[in-house]
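Engineer: Start from chain A and add chains B and C according to the hints.
Chains as they are written, first to last, in this note's numbering: chain A, 1366 to 1689; chain B, 310 to 583; chain C, 529 to 782.
Honestly, the hints are just simulated from the structure, not real lab data.
Honestly, I wouldn't trust all of these hints.
Unchecked claim - Straight line, CA to CA, 20 Å or less: simulated DMTMM-like cross-link-like pairs of lysine to aspartate or glutamate:
no.	chain 1	residue 1	chain 2	residue 2
1	A	LYS1476	A	GLU1460
2	A	LYS1476	A	GLU1685
3	A	LYS1560	A	GLU1685
4	A	LYS1519	B	GLU445
5	A	LYS1560	B	GLU368
6	C	LYS613	C	GLU687
Said to hold, decoys possible - If you only want the chain A side, here are some residues facing chain B, beta carbon under 8 Å, derived:
no.	residue
7	GLY1422
8	PRO1449
9	GLU1452
10	MET1453
11	GLY1454
12	ASP1510
13	TRP1512
14	GLN1513
15	GLY1518
16	GLN1548
17	ALA1565
18	LEU1567
19	GLY1578
20	GLU1626
21	ALA1671
22	GLY1673
Unchecked claim - Here are some chain B residues pointing at chain A (derived, C-beta under 10 Å):
no.	residue
23	LEU451
24	GLY533
25	LEU543
26	THR549
27	ALA551
These numbers were taken from a predicted model, which means no experiment stands behind them.
Glycine included, every Cβ here is placed at the ideal spot set by N, Cα and C.
The lines below spell out each chain.
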Amino acid sequence: MRRRHFFLGLTGLAGCTGSGKPRLNVINYSDYIARETLTGFEREFGVELRYSAVIEGSEETIARTMSGNSGWDVVFPENRLVQPMREMGLLGRLEPARLPNLSHLAGLFRKPAWDPAIEWSAPYLWSCCGILAGEPAGELSRWQDLWQPRYRGKITMLDEPSEVFAACLKILGYSINTDSPEQLRRAQELALEQKQVLRAYLNTEVRDQVVAGDVWAAQLWQGSAQLSIDQAPELRFVHPAEGYSLYCDCVGVLAESRRRELAHEFINYLYRPEVARANSAASRALSPCATGNETVLERGEWFQTASGSTQRLRDRLWTEIKSA
Amino acid sequence: MSLRRWFLLPAWLVTTGLFWAPMGIVLAYSLLTRGPYGGQSLPLSLESYQRFFDPLYGEILLRSFWIAVETTVLCLVLGFPLAWFISRSGPRRGMYLQLVMLPFWTSFLVRTYAWVFLLRDTGLFNSVLLALGWIEQPLPLLYNHGAVLVGLVYCSLPLAVLPIYSTLERLDYSLVEAAADLGATPWETFTRVVIPVSAPGLRTAAFLVYVPALGTYLTSDLLGGGSTILIGNLVQNQFTTARDWPFGAAASLILMVVVLAGLALVARHREDIL
Amino acid sequence: MRPSALGLYASLVYAFLHLPLLVLAVFSFNRSRLTRWEGFSLRWYEGAWSDRALLAATANSLTIAAFATVLSTVIGTMAAYGLWKKRSRWLTASLSVSLVTPEIVTAVSLLALFQMVFRVLHLQLGMHTVVLAHVSFCLVYVVMVVLARLRTMDASFEEAAQDLGATPWQAFRDVTLPMLKPGILAAALLAFTTSLDDYVITSLVAGVDSETLPMIIYGMARRGVNPAVNAISTVIVFGLGILIVVSQRLEQQR
Chain A
1366 MRRRHFFLGL TGLAGCTGSG KPRLNVINYS DYIARETLTG FEREFGVELR YSAVIEGSEE
1426 TIARTMSGNS GWDVVFPENR LVQPMREMGL LGRLEPARLP NLSHLAGLFR KPAWDPAIEW
1486 SAPYLWSCCG ILAGEPAGEL SRWQDLWQPR YRGKITMLDE PSEVFAACLK ILGYSINTDS
1546 PEQLRRAQEL ALEQKQVLRA YLNTEVRDQV VAGDVWAAQL WQGSAQLSID QAPELRFVHP
1606 AEGYSLYCDC VGVLAESRRR ELAHEFINYL YRPEVARANS AASRALSPCA TGNETVLERG
1666 EWFQTASGST QRLRDRLWTE IKSA
Chain B
310 MSLRRWFLLP AWLVTTGLFW APMGIVLAYS LLTRGPYGGQ SLPLSLESYQ RFFDPLYGEI
370 LLRSFWIAVE TTVLCLVLGF PLAWFISRSG PRRGMYLQLV MLPFWTSFLV RTYAWVFLLR
430 DTGLFNSVLL ALGWIEQPLP LLYNHGAVLV GLVYCSLPLA VLPIYSTLER LDYSLVEAAA
490 DLGATPWETF TRVVIPVSAP GLRTAAFLVY VPALGTYLTS DLLGGGSTIL IGNLVQNQFT
550 TARDWPFGAA ASLILMVVVL AGLALVARHR EDIL
Chain C
529 MRPSALGLYA SLVYAFLHLP LLVLAVFSFN RSRLTRWEGF SLRWYEGAWS DRALLAATAN
589 SLTIAAFATV LSTVIGTMAA YGLWKKRSRW LTASLSVSLV TPEIVTAVSL LALFQMVFRV
649 LHLQLGMHTV VLAHVSFCLV YVVMVVLARL RTMDASFEEA AQDLGATPWQ AFRDVTLPML
709 KPGILAAALL AFTTSLDDYV ITSLVAGVDS ETLPMIIYGM ARRGVNPAVN AISTVIVFGL
769 GILIVVSQRL EQQR
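Chain A on its own, in the form it takes in the complex (with noise of 0.2 Å):
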């Protein structure tokens, strides 16, 4: 009998997080938005925000609402998934009426090549990748410092294909955007030739081994090190000098969403001056409304999305990477 109460007891725990206030369900990153956001927006709306930050890596929002019945309303593809999922039938249209703040976009965001017309996402959040670097590593200022042999066991690249294909395509003065399997096999063969001087490849887990000194210089995006930076000041950003890549994470309703009214509320309240200003400070990645960033945009190259044949080649050429 105790027992039984015992379960029931928990199960009542549980209850006690639902309310009956309408619902919005948001599925992002992890450290990709300020706390007073959601705090802000509930309070506000009256609403209750289910706010999930599971997605580890980009490719997985498709892989989480692929099936059409994920029961998430808003969620942050980057910008090379957009495409795709608009043809799969993942994304719901926007409607420029309900997100009047939209006008607070600058430059080229108003515009984006990937959705010209902000017609079934909005850029969110935008940056690059590049080194993170500790005073060990030294001079440091391109990606072909990453292959010396000093580092030996000193660097790490990130443990995402597309952004090592693109360090490496860089190196050989090529787009990262390539379909050319010539070109991705060269890319490769310098990747394999990496391999012996890396310790391992790692995402965003590098940080804390770059602040405490396991590793000298990793491969990592700009918001992401830009958080080590600010506990660690010793440490540094190098945007590569032979160019490098640049993604901006964008936020759309799912086409399955049952809240469209609400998911637009939420996004129009995104782009409110200082949430955006909040949410660019909280993850330290830049903010489309902001300007002043020119300079990181000129060396740099936007993710575009890959064809099935030149997924399919990167795919089979990163395993055989990883199993060299």
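Structural biologist: Same frame as chain A, now just chains B and C:
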């Protein structure tokens, strides 16, 4: 319908609906082709299976098989003396057994994560060795084959000790003494008496360790630093990042075949399991 | 091996099994986020306690584990009883194969099922899918444990009850079930801890409201060492440890 049939019905429904049906879907998917942006679509093809004749994927399979065998052997070799020790320690047996099982009850992720904490350059081992002046540079302990192996053995060792212990507990120690009295060397006693008697336990232990080790992907992710790829990573990758469901489905079924082949080798008596 | 050497070996293995968790626990009280000891502090526990996502995930984990435990224990006990006196080739085979299926394969197959069936039924992924998935992998453990207990029992009690006029159901309820209680409790405990611990399957079939504690821990570990993970882990280790020890004490007293 008899009471017995009513009693079996729910379990029958669960295994059919939540095991065989999903497996059937996986089988069906493995015969389809990847859609333009992922998922699965027509036409039917055997292409996903053909890809496994590619040495690249064959090698991944072999590597996973090998690391599972290494883990199993290490667990048996490390676990046997411990099980022997526990079975011979009289009234404190229960407590010693609890001590083996306690880490097993805690979270798998936590146990793996603890090793990241110990093995990194600024982790406990390296800090202590540096402080003692035994080394001048931190040793590269994390992100290699050894680290993955340690993680796997650490998580599976309790699973190996338990079944070995339960057969050793039933072992009549007078057999061992009799063998010694008859002039058998300790080694002979061990191989001719102890091993045959504890064989069922060893088989179950081997099996309990082998299966999770074969399908592992978290351990190789967290402790291997993504510099190697095992069949578990391959499957997970196809369903999340690469979104090549037919290939992922084929890889899972091939993994199943490897598991069942191992089962056929290890467990000749089906009662060992259920 | 001489006894002393064997004892030494055993203590080494025990150290291997327990030191990592002990170290983790000790450093969860460290003020610094690095491995250097900089003084005692409870800041990581405070941080964990004020983390909304973490608390929600804990509630989710407990709810899922409770439902999965009750369902799998009931179904598993019934099945074990059904298998006791007469084997069922199909069910035994199904359970054995599901036991040996690597987690990742179970995970992708359930994902495929839920995505397909639920799309047709217009249902969403969520806590109920996670509960179903957990029932499917906990079931075999329950059957194993309860069946092992049944095999040590004497079937003649039940037969005697039936000879005295009890229906099969009465014989089960009044004779066998009470004797089975410790086994059922052990099985439920195993199911509960297995469900609480699962990451691989849960992470793939999870939807809204089904983010569990292991998923949060994995996310934190992937984002870099956050000593809050050490704090949560310590709570889990000791919480579950105490639960196990207490339940076993209760069982021994019986």
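Engineer: Look at each hint and say if it fits the structure.
Structural biologist: Verification of the supplied hints:
1. A C-alpha spacing of about 16 Å is found between A:LYS1476 and A:GLU1460, which places the hinted pair at or below 20 Å, so the restraint holds.
2. Taking the CA atoms of A:LYS1476 and A:GLU1685, the gap is near 38 Å; set against the 20 Å cutoff, the hint is violated.
3. Note on A:LYS1560 and A:GLU1685: the hinted pairing holds, with a Cα-Cα distance of about 12 Å set against a maximum of 20 Å.
4. At most 20 Å may separate the alpha-carbon atoms for a hinted pair to count; A:LYS1519 and B:GLU445 meet this at roughly 16 Å.
5. Proposed proximity of A:LYS1560 and B:GLU368 is supported: the alpha carbons are some 18 Å apart, at most 20 Å.
6. Annotation: proposed proximity of C:LYS613 to C:GLU687 holds, straight-line Cα distance about 12 Å (limit 20 Å).
7. For the restraint placing A:GLY1422 at the interface with chain B, the shortest Cβ-Cβ distance is roughly 6 Å, inside the 8 Å limit, so the hint holds.
8. Interface restraint check for A:PRO1449: the shortest CB-CB distance to chain B comes to about 4 Å, inside 8 Å, so the restraint holds.
9. At its closest, the beta carbon of A:GLU1452 sits 6 Å from a beta carbon of chain B; the interface hint therefore holds under the 8 Å criterion.
10. With 8 Å as the threshold, the beta carbon of A:MET1453 comes within range of chain B, its nearest partner Cβ sitting at about 5 Å, so the hint holds.
11. The interface hint given for A:GLY1454 is broken, as the beta carbon of that residue sits about 10 Å from the closest beta carbon of chain B, more than 8 Å.
12. Checking A:ASP1510 against chain B by beta carbon gives a least distance of about 20 Å; that is not within 8 Å, so the hint is violated.
13. A least Cβ separation of about 16 Å between A:TRP1512 and chain B goes past the 8 Å threshold, and the interface hint is therefore violated.
14. A hinted interface residue such as A:GLN1513 counts as satisfied when its beta carbon comes closer than 8 Å to some beta carbon of chain B; here the least separation is about 17 Å, so the hint is violated.
15. Hint status for A:GLY1518: holds, given a least beta-carbon distance of 5 Å to chain B, under 8 Å.
16. Against a cut-off of 8 Å between C-beta atoms, the interface hint on A:GLN1548 is violated, since the closest Cβ of chain B lies about 21 Å away.
17. Checking A:ALA1565 against chain B by beta carbon gives a least distance of about 3 Å; that is within 8 Å, so the hint holds.
18. Interface hint status for A:LEU1567: upheld, as the beta-carbon distance to the closest one in chain B is roughly 6 Å, under 8 Å.
19. For A:GLY1578, the shortest C-beta to C-beta distance to chain B is roughly 6 Å, which falls under 8 Å, so the interface hint holds.
20. Taking 8 Å as the C-beta contact cut-off toward chain B, the hint placing A:GLU1626 at the interface is violated, the least distance being around 28 Å.
21. Given hint, A:ALA1671 at the interface with chain B, is violated; its Cβ is 10 Å from that chain's nearest Cβ, farther than 8 Å.
22. Among the interface hints, the one on A:GLY1673 holds; its C-beta lies about 5 Å from the nearest C-beta in chain B, closer than the 8 Å criterion.
23. Contact between B:LEU451 and chain A, as hinted, is supported at the beta carbon level, the nearest pair being about 8 Å apart and thus within 10 Å.
24. Interface hint at B:GLY533: satisfied, since its Cβ lies 8 Å from the closest Cβ of chain A, which is below the 10 Å cut-off.
25. Using the Cβ-Cβ criterion of 10 Å, the hint placing B:LEU543 at the interface with chain A is satisfied: the shortest such distance is roughly 7 Å.
26. A hinted interface residue such as B:THR549 counts as satisfied when its beta carbon comes closer than 10 Å to some beta carbon of chain A; here the least separation is about 5 Å, so the hint holds.
27. Of the supplied interface hints, the one on B:ALA551 holds, with its beta-carbon coming within about 5 Å of a beta-carbon of chain A, less than 10 Å.
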